[in-house]
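Participant: As a plain string of letters, each chain reads:
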Amino acid sequence: MDATPSYLEQLIAGGLLLPTGVAGLYGRSQIFERVVEAIDALVTRTGGGDGAEVLRFPPGLSRRDFEDSEYLKSFPQLAGTVHSFCGDERAHREVLRCIEVGEDWTRDQAATDIVLTPAACYPVYPVLARRGALPEAGYLIDVQSYCFRHEPSLEPTRMQMFRMREYVRIGTPEQVTGFRALWLERGEALVRTLALPHIVDVANDPFFGRAGRVLADSQRVQKLKFELLIPVNSTAQPTACLSFNYHMDHFGQIWKLAGRDGATAHTACVGFGLERTALALFRHHGFEPAHWPSPVQSVLWPSA
Amino acid sequence: MEVDLRATLDRHGRLDVPAATLADDADLYAAGLDSLAIVNIMLAIEETFQVEFPDSLLSRQSFSSIASLERIIRQLQSESV
Chain A
60 MDATPSYLEQ LIAGGLLLPT GVAGLYGRSQ IFERVVEAID ALVTRTGGGD GAEVLRFPPG
120 LSRRDFEDSE YLKSFPQLAG TVHSFCGDER AHREVLRCIE VGEDWTRDQA ATDIVLTPAA
180 CYPVYPVLAR RGALPEAGYL IDVQSYCFRH EPSLEPTRMQ MFRMREYVRI GTPEQVTGFR
240 ALWLERGEAL VRTLALPHIV DVANDPFFGR AGRVLADSQR VQKLKFELLI PVNSTAQPTA
300 CLSFNYHMDH FGQIWKLAGR DGATAHTACV GFGLERTALA LFRHHGFEPA HWPSPVQSVL
360 WPSA
Chain B
7 MEVDLRATLD RHGRLDVPAA TLADDADLYA AGLDSLAIVN IMLAIEETFQ VEFPDSLLSR
67 QSFSSIASLE RIIRQLQSES V
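Chains A and B supply the protein sequences, listed in that same order. Its first residue numbered 60, the first sequence is counted upward by one per residue in this note's numbering. Its first residue numbered 7, the second sequence is counted upward by one per residue in this note's numbering.
Just so you know, these hints were derived from the structure itself, not from any lab. It cannot be assumed that every hint is accurate.
[What the hints assert, rightly or not] List time: in silico EDC-like cross-link candidates among lysine to aspartate or glutamate, alpha-carbon distance up to 16 Å: (1) Lys282/A x Asp40/B; (2) Lys282/A x Asp260/A; (3) Lys284/A x Asp320/A; (4) Lys315/A x Glu347/A; (5) Lys132/A x Glu76/B; (6) Lys315/A x Glu112/A.
Computed from a prediction, not measured in an experiment: that's the story for all the values here.
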């Protein structure tokens, strides 16, 4: 048996992550949060001068918007819906009895109007679509949210609930592809200042099923998704910490986002996995931020 | 088969123009074929022509033209005989 503790075991032993008994669901220590906040603030210092509109949503989407988003077509396996008890007193007693004897108690749980946010930008599109035609300059949105993806894993970099910071661009194809090209440069420069080894590569989303293979191939051939990968759990399979996504007119069509000339809007987003980037820092610079290389500390905590 | 295939494309491809107006080698993506329509076309072809796409053919290239799809359907039908 391999006696070397896994990275997850080290993080838990070091007190950075607190286990809950569920793979991929962890508490975070004060030090961990301090690093997450510093990365979030660093992203703001990098992109804040662009004048993005800041929007924050709780980690839930309206079920109606979620259905319209077509997420279930591509990623049914990852979605998480919020259910709640909707029975009467008799059903309530049955729930308590089931828990008591260890039987399934969830039969009277019914879907609520809330679905857990799968990616931070999902609530943004329907909200902006309701404003009507896009302004000339399009939209640039700053969003951050806890997200949920049902993929239990023992790799600490694959959490089921995690935070994603994003800039989202909505506009003409030129505006949107220009935005993505800019952030590919900025993202790499940002990670370089954190002294983290990395590569940028074409990527695909984990589309469901056989048809998903076509979608994944299509996404790669068209270079719609790039990821910035950092070795965290292993060098052979580095972890995507940043992603740069061009959705073409996918969300524009779904939400009827269009300019004043009626042309369907294109969209793109850059996403920062806040926990993943923090885990990369802890992996490469150690568990004690006070001992990190001083240039890295100055980048993360410039006023300290 | 040509007629069936074009009818399938009309029904599921969400193309900008009727499939009858497209040459066999016309680029279906240029004609408006998008990723999610590909999924519906794949399932419809499998049902109509009683074939199953193997993983190796689940690519963007396979769905790029009517000629490509015809070639694949013929190949899969001949393999299953």
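Participant: All the hints need checking, so say for each whether the structure fits it.
Facilitator: Hints, verified against the model:
Under the criterion of a C-alpha separation no larger than 16 Å, the hint pairing Lys282/A with Asp40/B is consistent with the structure, at around 15 Å. Between Lys282/A and Asp260/A the CA atoms are separated by roughly 9 Å; this keeps the pair inside 16 Å, and the hint holds. A distance of roughly 28 Å separates the Cα atoms of Lys284/A and Asp320/A; the hinted pair therefore is violated under the 16 Å criterion. Using a Cα cut-off of 16 Å, the hinted pair Lys315/A and Glu347/A is violated, with the two alpha carbons roughly 48 Å apart.
For a cut-off of 16 Å, the pair hint linking Lys132/A to Glu76/B is broken: about 26 Å separates their Cα positions. Our distance criterion of 16 Å between C-alpha atoms is broken by Lys315/A and Glu112/A, whose separation comes to about 20 Å.
The structure shown violates the earlier hints numbered 3, 4, 5, 6.
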